[in-house]
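J.: Going line by line, the protein sequences match chains A and B. Quick note on this note's numbering: the first sequence kicks off at 12 and runs consecutively. Quick note on this note's numbering: the second sequence kicks off at 2 and runs consecutively.
No lab work stands behind these hints: they were computed from the structure. You may find that some hints are simply not true.
As the list claims (entries may be wrong) - No farther apart than 30 Å at their CA atoms in a straight line, the calculated lysine-lysine pairs in the BS3-like style are these:
| hint | chain 1 | residue 1 | chain 2 | residue 2 |
| --- | --- | --- | --- | --- |
| 1 | A | 262 | A | 99 |
| 2 | B | 11 | A | 262 |
| 3 | B | 11 | B | 94 |
| 4 | B | 289 | B | 216 |
| 5 | B | 216 | B | 22 |
| 6 | B | 156 | A | 99 |
| 7 | B | 129 | B | 180 |
| 8 | B | 67 | B | 180 |
| 9 | B | 221 | B | 180 |
| 10 | A | 22 | B | 216 |
| 11 | B | 129 | A | 99 |
| 12 | A | 99 | B | 67 |
| 13 | A | 262 | B | 156 |
| 14 | A | 22 | B | 142 |
| 15 | A | 262 | B | 114 |
| 16 | A | 178 | B | 142 |
| 17 | A | 178 | A | 22 |
| 18 | A | 22 | B | 114 |
| 19 | A | 99 | B | 22 |
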Amino acid sequence: MSAAVRWVPFKTIVIKEINRILRIWGQTLVPPAITMTLYFLIFGQLVGSRIGEMGGHRYMDFIVPGLVMMSVIQNAYANVVSSFFGSKFGRYVEELLVSPTPNWVILAGYVSGGVLRGCMVGGIVLIVSLLFTDLSIAHPLVMLASVILAAVLFALAGFVNAVYAKKFDDISIIPTFILTPLTYLGGVFYSVSLLPEFWRNVSLANPILYTVNAFRFGVLGESDVPVGTAFAIMLVSILVLGAYCLRLLDKGVGLRA
Amino acid sequence: MYALDVVDLKKTYGTRVEALKGISLTVEEGDFFALLGPNGAGKSTLIGIAASLVRPSSGDIKVFGKSVVTERSAAVAHIGLVPQEFNFNQFEKPFEILVNQAGYYGVPRELAKTRAEQYLKQLSLWDKRDVASRTLSGGMKRRLMIARAMMHTPKLLILDEPTAGVDIEIRRSMWTYLKDINRAGTTVILTTHYLEEAESLCRNIAIIDHGMIVKNTTVKALLGTLDRETFVFDLSQPLAVAPDLPDCLVHRVDDTTIEVDVPRGTELNGLFAILSAAGIGVRSMRNKANRLEELFVRLLEKPKDAA
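Please construct the entire structure, taking both the sequences and the accompanying hints into account.
T.: In structure tokens:
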């Protein structure tokens with residue numbers, strides 16, 4: 012397959028993913044918007060007004076970047092894990108497996124689908140947040156780069172989950188028992204500088220802390236961790252996870268007999 | 002160059018189940034080839050390896066000279082696969098399914114749309130192009146999979162029991178379509194349980210059992226090895242027991258029907274004379290279409306008898 016011809020299968024997978032996201036918009040786009048509106052209303056508006064400032068910002072302003080990033084992460088992950096596992100479960104992944112499409116194109120296509128859904132939902136949540144606060148973006152490029160890197164990273168994680176999953180329960184275990192707790196403990200609702208030293212150090216092992224803080228730096232110009240470190244950790248994690256995904260595809264784990 | 006060249010192919014699932022025990026066979030370009038065998042014989046494993054869904058334990062398959070082991074992309078680009086089970090997204094529309102499939106093979110979207118229209122029309126699915134594919138009947142789903150397999154105009158079409166569970170009318174129309182595809186130059190390999198299908202469509206045949214090739218020859222040569230044939234007689238009067246006729250094996254089907262098994266080449270005049278002498282009146286007679294079936298059963302029985 013020449014480079015020009017490889018572009019066609021990639022585009023096909025991405026179009027297919029976009030069609031899927033839009034076809035089931037009631038499951039993919041609306042629920043996160045409703046959930047995040049409730050977070051803004053309850054934590055930002057009702058509880059937040061009694062908290063005062065966090066990290067030198069109104070509490071509502073402080074949680075907006077965290078909630079946007081939380082939406083991006085969860086939706087990028089959810090899109091890839093449900094779409095790829097669905098294709099395995101329905102066996103229509105075989106349409107791709109019998110074709111000459113290289114494994115890296117398959118991976119890039121599904122990850123792009125996850126990134127697109129993450130960005131769509133993140134955009135919706137950002138727009139909803141404007142109902143509650145006036146945001147001025149401190150570093151737009153940092154904001155954009157952190158969203159895309161976080162979405163890629165968690166889309167890859169979703170792909171690993173989908174490859175190993177054998178039943179539908181397996182695709183909800185990781186989001187429920189690992190991803191959600193890590194997100195809540197990743198500095199979405201608080202600054203880790205408030206924690207005692209031991210728990211602050213434990214928090215530094217949480218990858219979501221870096222994605223949330225990189226994005227918060229992009230929006231507010233403030234971060235609990237050095238932004239350079241956050242980007243380095245995201246990039247290295249993407250490389251490691253991406254290589255692992257390709258290895259799984261090359262070995263045919265869960266896909267080829 | 003062969004369309005398919007299977008070289009000492011072995012596949013063991015886990016450590017115990019030997020699905021293929023060193024199969025070698027070739028399929029000529031332009032052939033219409035039947036792969037026959039009972040359930041669990043290894044047919045689907047062989048097809049799975051050709052399509053790269055299953056990895057061989059050893060050996061290789063070459064598709065138009067390209068190895069599925071070392072040149073996977075180049076090899077599978079020549080293959081169109083119609084699997085046994087429905088394996089398309091039941092929530093997608095037939096038109097989308099075809100266009101996407103072409104895309105995976107690098108066919109530009111506009112060309113893919115043109116081809117999708119062409120194949121959906123040829124397979125009488127055009128009016129169903131925009132319905133959710135889960136709403137299609139079994140026969141329509143099978144035809145959709147044939148259309149999908151043709152979207153990148155493969156040189157080799159492999160069909161794994163394409164007419165299973167399809168009514169006679171649709172089966173015949175699918176046969177006509179497959180014959181047309183083959184006539185246009187596409188090599189076709191077919192697995193089937195309908196022996197009549199293999200007999201009427203295929204030129205060459207391989208019978209596989211317990212992971213080994215039991216017979217690999219032309220359909221004509223295989224049929225030529227038959228040394229007996231069976232005639233079905235509708236009788237003018239009922240018979241209580243099967244009559245004893247010289248040089249014939251008689252099976253009483255019901256009160257007014259008997260099947261008579263005779264050596265191949267037996268003159269029918271002689272047969273009628275025997276029946277007449279036994280006081281049996283015949284209202285009508287037909288040849289029983291069991292030729293390949295009989296050979297198939299006989300070939301598969303041999304290894305068991307030997308064991």
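J.: Does residue 22 of chain B sit within 30 Å of residue 99 of chain A, going by the straight-line distance between their CA atoms?
T.: holds, 29 Å
J.: Given the hinted pair residue 11 of chain B and residue 94 of chain B, is their Cα-Cα distance within 30 Å?
T.: Given that 30 Å is the threshold and the Cα spacing comes to 38 Å, the pair is violated.
J.: Next pair to validate is residue 22 of chain A with residue 216 of chain B; report whether the Cα-Cα distance is within 30 Å.
T.: violated, 46 Å
J.: Hinted pair, alpha-carbon criterion (30 Å max): residue 262 of chain A, residue 114 of chain B. Please report holds or violated.
T.: violated, 33 Å
J.: Is residue 289 of chain B close enough to residue 216 of chain B, meaning Cα to Cα at most 30 Å?
T.: holds, 23 Å
J.: Given the proposed pairing of residue 178 of chain A with residue 142 of chain B, does the C-alpha separation stay at or below 30 Å?
T.: This hinted pair holds, its Cα atoms lying about 25 Å apart.
J.: Is residue 67 of chain B close enough to residue 180 of chain B, meaning Cα to Cα at most 30 Å?
T.: Roughly 26 Å between the alpha carbons, so the hint for residue 67 of chain B and residue 180 of chain B holds.
J.: For the pair supplied as a hint, residue 129 of chain B and residue 99 of chain A, confirm whether the alpha-carbon distance does not exceed 30 Å.
T.: holds, 25 Å
J.: Checking one constraint from the list: CA of residue 129 of chain B to CA of residue 180 of chain B, max 30 Å. Satisfied?
T.: holds, 24 Å
J.: Straight-line Cα separation of residue 22 of chain A and residue 142 of chain B no greater than 30 Å?
T.: Since the Cα atoms of residue 22 of chain A and residue 142 of chain B sit roughly 26 Å apart, the hinted pair holds (cutoff 30 Å).
J.: Against the 30 Å threshold, does the CA-CA distance of residue 178 of chain A and residue 22 of chain A hold or violate the hint?
T.: holds, 29 Å
J.: Are residue 22 of chain A and residue 114 of chain B close enough, with their CA atoms no more than 30 Å apart?
T.: holds, 15 Å
Going down the numbered hints, you'll see the structure goes against 3, 10, 15, while the others check out.
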